[in-house]
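J.: Letter by letter, the chains look like this.
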Amino acid sequence: MKREVPLFISMVAGLFVLVGFFVPHPWVRTGYDKIQQWVIIVVAFTYVLGMANLMRLNLEQIQRRARDWPYKIALVLACVATMAVGFHDGSKYLDDGTAFTWVYNNFYSAMSSTMFSLLAFFIASAAFRAFRVRSVEALLLAIAAFILMLGRVPIGNLIHPALPAAADWLMEVPQNAAKRGILMGAALGVMATGFRIILGIERTYGSEGGGG
Amino acid sequence: MKAAAWFFVLFLGILSSTAHAFPLQAADTRNDGGQSITLSWTAPPKPPEQWIVYRAEPGRAFAPIDTIGGDLAGYQDKAEGTHQVQDGTPYQYRLVPLPDDAALRSDVSPAATPSASFFDTAKLNVFIVITIFLVLVLYYIRQSERGKVWSFRSIAGLTAIEEAIGRSTEMGKGVLYIPGVQDIDDIQTIASMIILGNVARMTAKYETPLMVPTPSPAVYTVADEVVKGAYSDVGRIDAYRADQVRYITTEQFAYVAAVNGMMLRDRPAANLLLGAFFAESLLLAETGHEIGAIQIAGTANVHQLPFFVVACDYTLIGEEYYAASAYLSKDAKLLGSLKASDTVKILLIVTIVAGVLLLTFGQPTLAEFFATQ
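Residue numbers (the working numbering), protein chains in the order written: chain A, 4 to 215; chain B, 21 to 393.
Next up, chain A with everything else stripped away, as it sits in the complex (with noise of 0.2 Å):
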């Protein structure tokens, strides 16, 4: 029963949110707003539990003093502190001027961008990996890469002027005909994955709940 009870539950939902896609009657419409309305409501309470983990490990690992144990006191202050400074906000406290908006545009938009700015960093060094010439795929890579590159910038057009030009028929030729035969496989491993859970065939994800 502890797997089957979900297993009948998801295949009901995927099988209503199925026929709901394609019957826009509201007998049928009606329910699958309502089942979408569900889920918001669902994932509401799942905060309280990741909210109780979130707390419950970072204490434990301060309390027995595990490694890197203060920057979890920083953690907690941190989300605590956060958390009072928007119920003291009420229900406006995303509204412009409002502490919590403060504290999330001083504090974590500026830590957010510095995490976001290393991307610079780790694209060249990864750049440099996949450049280096080992085999005719990666030549062919790295003569696409340096097109496309002088090709987006103004000194590629001062080069020579087709340098554009190639630079665009990559994007929109071989690059749009590969990523559209890629997304057309997935579309296909989509459909296959909801028919695989709708139909009950695909059980990995659930317990025999035998186990000892």
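Everything labelled a hint here was simulated from the structure, so no lab data went into it. One or more hints might be untrue.
Claimed, not checked - Listed next, the stretches of chain B that the computed footprint assigns to chain A, with coverage defined by at least 3 CB atoms under 8 Å from CB atoms of chain A:
| id | region |
| --- | --- |
| 1 | 46–57 |
| 2 | 199–210 |
Said to hold, decoys possible - Calculated from the model, a selection of chain A residues having no Cβ within reach of chain B, i.e. all distances over 10 Å:
| id | residue |
| --- | --- |
| 3 | Lys37 |
| 4 | Ser138 |
| 5 | Ile158 |
Since this is a predicted model, take the numbers as computed values, not measurements. Using N, Cα and C, we set each Cβ at its ideal position, and we do this for glycine too.
Mind docking chain B on chain A? Use the hints.
T.: Chain B alone, transformed into the frame defined by chain A:
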């Protein structure tokens, strides 16, 4: 009642007494949930600044319901807020220019009655493909139940998952499983949870530490159940630890910072990046590369694939990622669904080639049928 009817006729008479500039079509909006009428007209050569849309229903006079741009050639009257459009009630419409010009007034449209559709015919092409797919899935599942065995090309990335876990076991290090950054309503995350079940069974069997940092509380809840279930299935529930699956944050780069921190502190021997990834893909994969972990990535997000190809040892591309569960479990029924997927792919290739040839020779019917709305 009589007076209202008189007023209606009189008002209609006033409106229709002027020169008829152009006809106005009104029809039930197709493929919708009802309560909507679609108007269409051919815009006059010199359109007015604006149109006032008038509507009449049985027993009532024409009344303005909206003012729209003069350059438009279509309008949808639908129930929104306090605006009512009742299914089963016939409505007539008329357009009056603003500023008023008798020569630019439209005819009164024929009566149109809104109703809800039972099938969205614009999605017929999708319905046909899905139906063929479903029939093939059921057919191949039946074949597999009768003992039919198919052979599939080996996918190096999937074979490498077990090797990577074995390597981690030998090195006495853990496996880091990153399920992407999308929530549980994303099909890639669902596929990732299915693969996680297989991975957790292997790590439970080999007694290899497994770490699953999750980007959403919903994913955390599901992943925790999946891992617990997998450990239970192989009889190793005693080896399951509550801190194996942990909720990090829903914020993209905060999640990256936390996961990169885990990589640098715990130095897992294998990183499995399977799910939906965006700008964080290279930040995670490059950090994993720096710590020397064997990395297997899989995603259907095409724009992130080049980053994974460069920074990871193996990359599951698009459909390979969705096939992972069937490959890893070796379940005959699941492999049957893969066979159906391959057959549909062949059918689609044939259809595309036929569509291209027909279009080349001036016959667009097939291409138009498969055009999405």
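J.: Now look at each hint and say whether the structure bears it out.
T.: For each hint, the structure was consulted:
1. 46–57: Per the Cβ count (4), the hint holds.
2. 199–210: holds (count 5)
3. Lys37: 14 Å, holds
4. Ser138: 13 Å, holds
5. Ile158: Per Cβ check, Ile158 of chain A is outside 10 Å of chain B; nearest 24 Å; holds.
The structure is consistent with each of the numbered hints, conforming to all of them.
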